[in-house]
Amino acid sequence: MSKQEPDMNTNKSEQEPIVILEHVCKNFGGFKALTDVNLTVHEGKKIVVCGPSGSGKSTMIRCINRLEEHDSGRIVVAGKELTHELKDIDAVRCEVGMVFQSFNLFPHLKVLDNLTLALKLVRKMPKLEARETAMRYLERVHIPDQVDKYPSQLSGGQQQRVAIARALCMNPKIMLFDEPTSALDPEMISEVLDVMVGLAQDGMTMICVTHEMGFARSIADYIVFMDQGEIVEINPPMEFFENPKSERTKLFLKQILTH
Amino acid sequence: MTFDFSLIFSSIPKLLSGLGLTLELLILSSFIGLVLAVFTLLMRISGRWFLMAPAVAYIYIFRGTPILVQIFVIYYGLPQFEFIRTGVLWPILREPFWCCVIALSLNAGAYVSEILRGGVLGVDKGVLEAASALGISKSQRFIYITSPIAIRLSLPAYCNDTISMTKATALASTVTLLEMTGVARTIVAQTFSPYEIFISVAIIYMVMAWMLQKGFGLLEIRMSRYLKATAG
Amino acid sequence: MSEIAGWADDFFWGAMVVIRIFAVSLVLSVIIGLIGSAMKLSGSRVTQAIVNAYTVIFRGTPELLVLLLIYFGAAISLTAIVQFFDPTVKFIEIPPFWAGAFAIALIVGAYMTETFRGAFLGVDPGHVEAARALGLSQFQTFVYVRIPQMWRLALPNFGNHMLSLMKDTALISVIGVEEIVFVAEMATTVTSKPFTMYIIVALIYLCITTVITLTVMALEKYANKHLASSR
Ligand SMILES: Nc1ncnc2c1ncn2[C@@H]1O[C@H](COP(=O)(O)OP(=O)(O)O)[C@@H](O)[C@H]1O
Ligand SMILES: [Mg+2]
Chain A
1 MSKQEPDMNT
11 NKSEQEPIVI
21 LEHVCKNFGG
31 FKALTDVNLT
41 VHEGKKIVVC
51 GPSGSGKSTM
61 IRCINRLEEH
71 DSGRIVVAGK
81 ELTHELKDID
91 AVRCEVGMVF
101 QSFNLFPHLK
111 VLDNLTLALK
121 LVRKMPKLEA
131 RETAMRYLER
141 VHIPDQVDKY
151 PSQLSGGQQQ
161 RVAIARALCM
171 NPKIMLFDEP
181 TSALDPEMIS
191 EVLDVMVGLA
201 QDGMTMICVT
211 HEMGFARSIA
221 DYIVFMDQGE
231 IVEINPPMEF
241 FENPKSERTK
251 LFLKQILTH
Chain V
1 MTFDFSLIFS
11 SIPKLLSGLG
21 LTLELLILSS
31 FIGLVLAVFT
41 LLMRISGRWF
51 LMAPAVAYIY
61 IFRGTPILVQ
71 IFVIYYGLPQ
81 FEFIRTGVLW
91 PILREPFWCC
101 VIALSLNAGA
111 YVSEILRGGV
121 LGVDKGVLEA
131 ASALGISKSQ
141 RFIYITSPIA
151 IRLSLPAYCN
161 DTISMTKATA
171 LASTVTLLEM
181 TGVARTIVAQ
191 TFSPYEIFIS
201 VAIIYMVMAW
211 MLQKGFGLLE
221 IRMSRYLKAT
231 AG
Chain U
1 MSEIAGWADD
11 FFWGAMVVIR
21 IFAVSLVLSV
31 IIGLIGSAMK
41 LSGSRVTQAI
51 VNAYTVIFRG
61 TPELLVLLLI
71 YFGAAISLTA
81 IVQFFDPTVK
91 FIEIPPFWAG
101 AFAIALIVGA
111 YMTETFRGAF
121 LGVDPGHVEA
131 ARALGLSQFQ
141 TFVYVRIPQM
151 WRLALPNFGN
161 HMLSLMKDTA
171 LISVIGVEEI
181 VFVAEMATTV
191 TSKPFTMYII
201 VALIYLCITT
211 VITLTVMALE
221 KYANKHLASS
231 R
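In order, the protein sequence lines correspond to chains A, V and U.
Be aware that the first sequence starts at 1, since it is given in my numbering, and climbs by one per residue.
Be aware that the second sequence starts at 1, since it is given in my numbering, and climbs by one per residue.
Be aware that the third sequence starts at 1, since it is given in my numbering, and climbs by one per residue.
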């Protein structure tokens, strides 16, 4: 409910965090994708996750809405612990919005139906109300005029904005972004980042995997650096860029900032 | 040796009556086969071994043996058993027509379920994950995401299979059924003019195949509207 | 059980006939497919049209009809030709084995044509250009670059065509070739155990198609070796 409110999260850190990861491990076969990952995200916070390819960034955020099941440790999302006993995983999932690198829009549905499908099926919202909600969020991502098109008729940047609107429609408590701009042509990156900045300014809780360091600098409360399945360091942007603690972070920053 | 057109013209009425039976066989078996295929598909992708195993066995057996042999097993073979001849199904199982429908349906069921499975496997995993991430349940994902995309993906193969089915109805002539090929064979046996009759019949089959191809082509275009990119 | 034992060697020899007809038609259909695809790819408008007509006709007509047309049609034509030279000849019989093998080869050849053509077009033109740029001759490019890739692309369909071909062999009992369906018919008239006999036929076919499937799977694994290791 409170997510539309202006940023006033200074005293919210007393509350129960929205996402807790404690000693989370995840293996693929024998391969350790995540080792002892600890992360706590409070309401309204913006976390940017970066790190080299294959370091486990996607795996970590996919564990948060259980697209991957973790092997050990504890994950609590919006007050519910993710375990095998948890019957209604879908109830947790609709509190967590997710945006993928490859958009993953429903190709056979028009933009409007992409947005309203989950509203109708999961939220049991009547058709008209679903449509209104969808239009509101399409306006928010600046493409209300594309509502009757199929995803294949949109540019990459437009598709990703539809994907963001689709996730927002469910009124999630937290948004996860997995490299939302990596599949885009350079000239389209900013239109998606603008939407994300707007979202951040409205107080949305966000975990973003991204290598857009300008974006990270301007909106992140914390930057999480991952390497080889571990969280190497967590720091506010200033600290992270000016004064990185570990050698691995320094090396990574050098590689990413020197071109 | 000449090509006797008058024979063709005089045979047309008989051939057309055979065509009716051919169409009946085709439509009935396609429909029953499709229903069987959907059930088999659901069993096949259920992830439960006691459902998957029978589905796999069924598909394996019917794809691994000739339809002709299947028809013979059902039509000539089953009456070997006393309980079949005295059973409630005997009025059906002694009719060559229904034996052919059974064999062709079972065959279509096996093939089409594999075609549909190909479609289901062809659905982008990322799109299904996006649906999961929105909290859409597994069964709803299957109905609203997987099925429409999978049907569209299966369409070309399904068209080919329907054409194969059309051709397979000709096998009914081997169990005395007077569908189009059966009629043609009796005329040829009387007149001994294979070219005229068989070629005429072949043309009718080809027209049927052509119409199926066109029909499915239109359907595919209709169902592919969402793939037509108009903006860059 | 004793009924089966008495017919075991008939079924064995019937199965041999099936395998022989399979081998003959397979070789013929591959030859037809290669020629057909070459004509379709490089021929003039006219040859392309001929090949198109061939594939449309043989893929749209029931296999049984093709078989009957070729068997009876060839007999009539040959008889007419021979009678032209020697009017005393009454009727010339075509060996049903060869009529059957030829009919099946023509049918499957139509499918092979399409498969080979698709495989040829499926080879990345960039690879061919790269090979030519490296100084390989057209022939070397064909042998070392095209063939190995075509082979991999064509294999799944080729396997399916082999299975269809194998199952089509059941039809030739209709023109009196003494293969296993024919044997089962004979056996049924003597033993009145039709179910047993036809199930044996089905089992024999199932065994053969299983062997074909496994072979194709092994070949596919071999052909895709270089792809598997990169994942
Ligand atoms: N489904 C999977 N099966 C096996 N290995 C996987 C799977 N998903 C990810 N991995 C492996 O886990 C590691 C971390 O992957 P990922 O979280 O996608 O990295 P990142 O997003 O940081 O690039 C990679 O080495 C990847 O190969
Ligand atoms: Mg990733």
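Wrong hints could be hidden among the right ones.
[Stated by the list, open to error] Here are the computed lysine-lysine pairs in the BS3-like style, where the Cα-Cα straight-line distance is at most 30 Å:
| no. | chain 1 | residue 1 | chain 2 | residue 2 |
| --- | --- | --- | --- | --- |
| 1 | A | LYS124 | A | LYS110 |
| 2 | U | LYS225 | V | LYS125 |
| 3 | A | LYS110 | V | LYS138 |
| 4 | V | LYS138 | A | LYS127 |
| 5 | V | LYS125 | A | LYS124 |
| 6 | U | LYS221 | A | LYS32 |
| 7 | A | LYS32 | V | LYS138 |
[What the hints assert, rightly or not] One-sided excerpt, in silico: chain V residues whose CB lies under 8 Å from chain A:
| no. | residue |
| --- | --- |
| 8 | LEU42 |
| 9 | ILE45 |
| 10 | LEU121 |
| 11 | GLY126 |
| 12 | GLU129 |
| 13 | LEU134 |
| 14 | GLY135 |
| 15 | GLN140 |
| 16 | PRO148 |
| 17 | ALA189 |
| 18 | GLN190 |
| 19 | ARG222 |
| 20 | TYR226 |
| 21 | LEU227 |
Hints in this document: simulated from the structure, not taken from any laboratory.
Heads up, the beta-carbon is just placed ideally off N, CA and C, and yes, glycines get one too.
Against the structure, the hints:
1. A:LYS124 <-> A:LYS110: It holds: about 19 Å lies between the C-alpha atoms, which stays within 30 Å.
2. U:LYS225 <-> V:LYS125: Judged against 30 Å, a Cα distance of about 25 Å means the pair holds.
3. A:LYS110 <-> V:LYS138: holds (21 Å)
4. V:LYS138 <-> A:LYS127: Holds: V:LYS138 and A:LYS127 sit about 22 Å apart, inside 30 Å.
5. V:LYS125 <-> A:LYS124: Distance ~25 Å between V:LYS125 and A:LYS124 Cα, so the pair holds.
6. U:LYS221 <-> A:LYS32: Within the cut-off at roughly 29 Å; holds.
7. A:LYS32 <-> V:LYS138: Status holds; Cα separation ~28 Å.
8. LEU42: Cβ of V:LEU42 sits 20 Å from chain A, so the hint is violated.
9. ILE45: violated (19 Å)
10. LEU121: Not OK, violated: V:LEU121 not within 8 Å of chain A, min 16 Å.
11. GLY126: holds (4 Å)
12. GLU129: holds (6 Å)
13. LEU134: The hint holds - V:LEU134 has a Cβ within 8 Å of chain A, the shortest such distance being about 4 Å.
14. GLY135: holds (3 Å)
15. GLN140: With a closest approach of 5 Å, the V:GLN140 hint holds.
16. PRO148: holds (5 Å)
17. ALA189: violated (52 Å)
18. GLN190: violated (55 Å)
19. ARG222: violated (12 Å)
20. TYR226: Given a least distance of 4 Å, the restraint on V:TYR226 holds.
21. LEU227: With a closest approach of 6 Å, the V:LEU227 hint holds.
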